[in-house]
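Peer 1: Below are the chains, spelled out letter by letter.
Number of protein chains: 2
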Amino acid sequence: MEQKKRTEIAELGQFGLIDRLTGKCTYRDASTLKGVGDDAAVIVPPQGETMLCTTDTFYEGVDFDLTYFPLKHLGYKVVTAGISDILAMNALPSQITVSLGVSSKLPVEALDDLYEGIAFACREQEVELVGGDTRASMTGLVLSVTALGHAKKEAVAYRSGAGQNDLICITGNLGAAYMGLQLLERERRVLNDVENPQPKFDGYEYLLEKYLKPRPRTDIVVTLGEEQIRPTSMIDLTDGLASDLLQLCKASSCGARIYLERIPLARQTTELADEMHIDPVVAALHGGEDYELLFTVPLALQEQIMRLGLVDVIGHIVPATKGRYLVTPDGGEIELKAQGFH
Amino acid sequence: MEQKKRTEIAELGQFGLIDRLTGKCTYRDASTLKGVGDDAAVIVPPQGETMLCTTDTFYEGVDFDLTYFPLKHLGYKVVTAGISDILAMNALPSQITVSLGVSSKLPVEALDDLYEGIAFACREQEVELVGGDTRASMTGLVLSVTALGHAKKEAVAYRSGAGQNDLICITGNLGAAYMGLQLLERERRVLNDVENPQPKFDGYEYLLEKYLKPRPRTDIVVTLGEEQIRPTSMIDLTDGLASDLLQLCKASSCGARIYLERIPLARQTTELADEMHIDPVVAALHGGEDYELLFTVPLALQEQIMRLGLVDVIGHIVPATKGRYLVTPDGGEIELKAQGFH
Chain Z
1 MEQKKRTEIA
11 ELGQFGLIDR
21 LTGKCTYRDA
31 STLKGVGDDA
41 AVIVPPQGET
51 MLCTTDTFYE
61 GVDFDLTYFP
71 LKHLGYKVVT
81 AGISDILAMN
91 ALPSQITVSL
101 GVSSKLPVEA
111 LDDLYEGIAF
121 ACREQEVELV
131 GGDTRASMTG
141 LVLSVTALGH
151 AKKEAVAYRS
161 GAGQNDLICI
171 TGNLGAAYMG
181 LQLLERERRV
191 LNDVENPQPK
201 FDGYEYLLEK
211 YLKPRPRTDI
221 VVTLGEEQIR
231 PTSMIDLTDG
241 LASDLLQLCK
251 ASSCGARIYL
261 ERIPLARQTT
271 ELADEMHIDP
281 VVAALHGGED
291 YELLFTVPLA
301 LQEQIMRLGL
311 VDVIGHIVPA
321 TKGRYLVTPD
331 GGEIELKAQG
341 FH
Chain W
343 MEQKKRTEIA
353 ELGQFGLIDR
363 LTGKCTYRDA
373 STLKGVGDDA
383 AVIVPPQGET
393 MLCTTDTFYE
403 GVDFDLTYFP
413 LKHLGYKVVT
423 AGISDILAMN
433 ALPSQITVSL
443 GVSSKLPVEA
453 LDDLYEGIAF
463 ACREQEVELV
473 GGDTRASMTG
483 LVLSVTALGH
493 AKKEAVAYRS
503 GAGQNDLICI
513 TGNLGAAYMG
523 LQLLERERRV
533 LNDVENPQPK
543 FDGYEYLLEK
553 YLKPRPRTDI
563 VVTLGEEQIR
573 PTSMIDLTDG
583 LASDLLQLCK
593 ASSCGARIYL
603 ERIPLARQTT
613 ELADEMHIDP
623 VVAALHGGED
633 YELLFTVPLA
643 LQEQIMRLGL
653 VDVIGHIVPA
663 TKGRYLVTPD
673 GGEIELKAQG
683 FH
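Chains Z and W are the protein sequences, given in the same order.
Residue 294 in the working numbering sits at position 294 of the first sequence, with consecutive numbering throughout.
To convert a position in the second sequence, counted from 1, into the working numbering, add 342.
These are calculated hints, taken from the structure and not from any lab test.
None of the values given here were measured: they were computed from a predicted structure.
Built from N, CA and C at the ideal position, the CB exists for glycine as well.
One or more hints might be untrue.
Ranges of calculated distance between the beta carbons of each label pair, as one might list FRET restraints [said to hold, decoys possible]:
(1) Arg186(Z) x Gly390(W): 35 to 41 angstroms
(2) Lys5(Z) x Glu468(W): 16 to 22 angstroms
(3) Gly355(W) x Glu303(Z): 39 to 45 angstroms
(4) Lys250(Z) x Glu353(W): 17 to 23 angstroms
(5) Asn534(W) x Glu8(Z): 39 to 45 angstroms
(6) Lys322(Z) x Glu568(W): 55 to 61 angstroms
(7) Gly13(Z) x Thr565(W): 31 to 37 angstroms
(8) Lys494(W) x Pro70(Z): 53 to 59 angstroms
(9) Pro70(Z) x Asp475(W): 22 to 28 angstroms
Please build the complete structure, drawing on both the sequences and the hints.
Peer 2: As structure tokens, then:
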């Protein structure tokens, strides 16, 4: 039987390791003057555009569980998370840095997998890895991702710009990543004491993909640009629809009405939710990690935005005094709260 | 007896905590269009300039020991570390983001101290805190700092530009931070079992300051700009003179000669080194964390650079075939090696 090769991190040294890992990331962006290999990356911002910057850190045991999270997918997902914050400003991502804290228990081959995922996401999303370091951490894996992007000043969409009667739009569907996580957790519990566990995921592949390998919605920002639609406000859906919409309403000093039956749910989401006795709307409102975009546009753009076929209009902005409510099909109103259910 | 107030992180919640901490950082940079409070920061790069970006992460138990590292100083030092990488490109820092992983064991008051240090450094260095998050970590404190800066394209100094006969210049003095760390470690060992420890630091305050609260050398980059001196290459001294000079030589495909008696050492560094039977030159070569700048200038600038009174010329660049050596006063040559002694 062939044994899988195991290289210790110490064999390569810090610099050798960084060269090996960053070498996998071959996408180059035109705006990068100097990428990996100096004290800092040097970027030439596109003429007259603003630069955007955001940082997120992910901790093993808090944000991901390596017992069921393949490292390659993890690499892909942290890039998505970083990029998604740039997209949420209606801007396009161009560079990332990845700072890695690793226990010496992990072999180099595990980090290879992680960086294959990062490299794949960078190629797919046309984002250049321009820096980062790899250090020892005392315990689990820590990944810190900084994403840079650019946009014309007048195109940038803030959380704070939603206006009266604006339409509340969302991309994709919600709650699928949360249900994917529930599925993984269930299989782990069931198979905890089994020697050769064969988890059953048949029919729920989409949910796993949404949790393990969510795609950032670059396509939406590109399309909005082509259509010359400038959202009045925007945020990405990472904490769940309720929490993220409340953040947007708070920043815009407004209220909102969203309609329960308009919240887009994937078939697999409702199926697994039924099977597990979870309300799929609760998964959408509080599950999080959807990496879809939530934005508002003026009412006058209703036809144009619907014609795109890329977004669902789930409600509209109202004065702050009217509060923030979910409207049920029978006309009942449930106040939106931020606390998650997990 | 008055009890020190202890607020649990959970009492404030994630958003309340971030508001409280980032609220301390009041410096605003003219190039920031949007700082803390949205999905990403928005920066307007100064007309025609390049943007620089770098990320560093610091782990409790690896990079710092909270038993003797005051949190306020730690906050200051991580800002210095971030800024220093921007300065090392001959560029000026303008923004930082700080991403924090904290154990729930830490009270909010401890994070207040940390952010007072961050805020102090930001005010002093005129750098705006424009983002970051605060998350639970399973174990120790993790701090990830991204620094942004800007410079004219033609002013940026890379590691790779050193030319034949260029002078090797360094700012400040070396090895002091390493000796400061040795002092702290010694006092901790001595006082480990003492009930009310009173560590003895008299006469070595400078060493403690260099380790606990190193100042970034923004003054040097400003002065070089005013004097219209463009270094041919540059790096900041974080891993020790030997390792950092070797990095610069490798990137520039050149060799170097540096002279032992020209390496600047502070009086306190040599005094404590004598007392602890450490060779102070070893501290300078391999100690690290000096956060001084190492750079090269053409030989023709010798007089101008000496006149500044801010740097020491410790050697010069030679062809790669001549290797990289430390020359002793008796004319002996010791090959420079990268490995640290700690």
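Peer 1: Of all the hints numbered above, which does this structure not satisfy? Sort the numbers upward.
Peer 2: Of the numbered hints given earlier, those the structure breaks are 1, 2, 5 and 8, listed in rising order.
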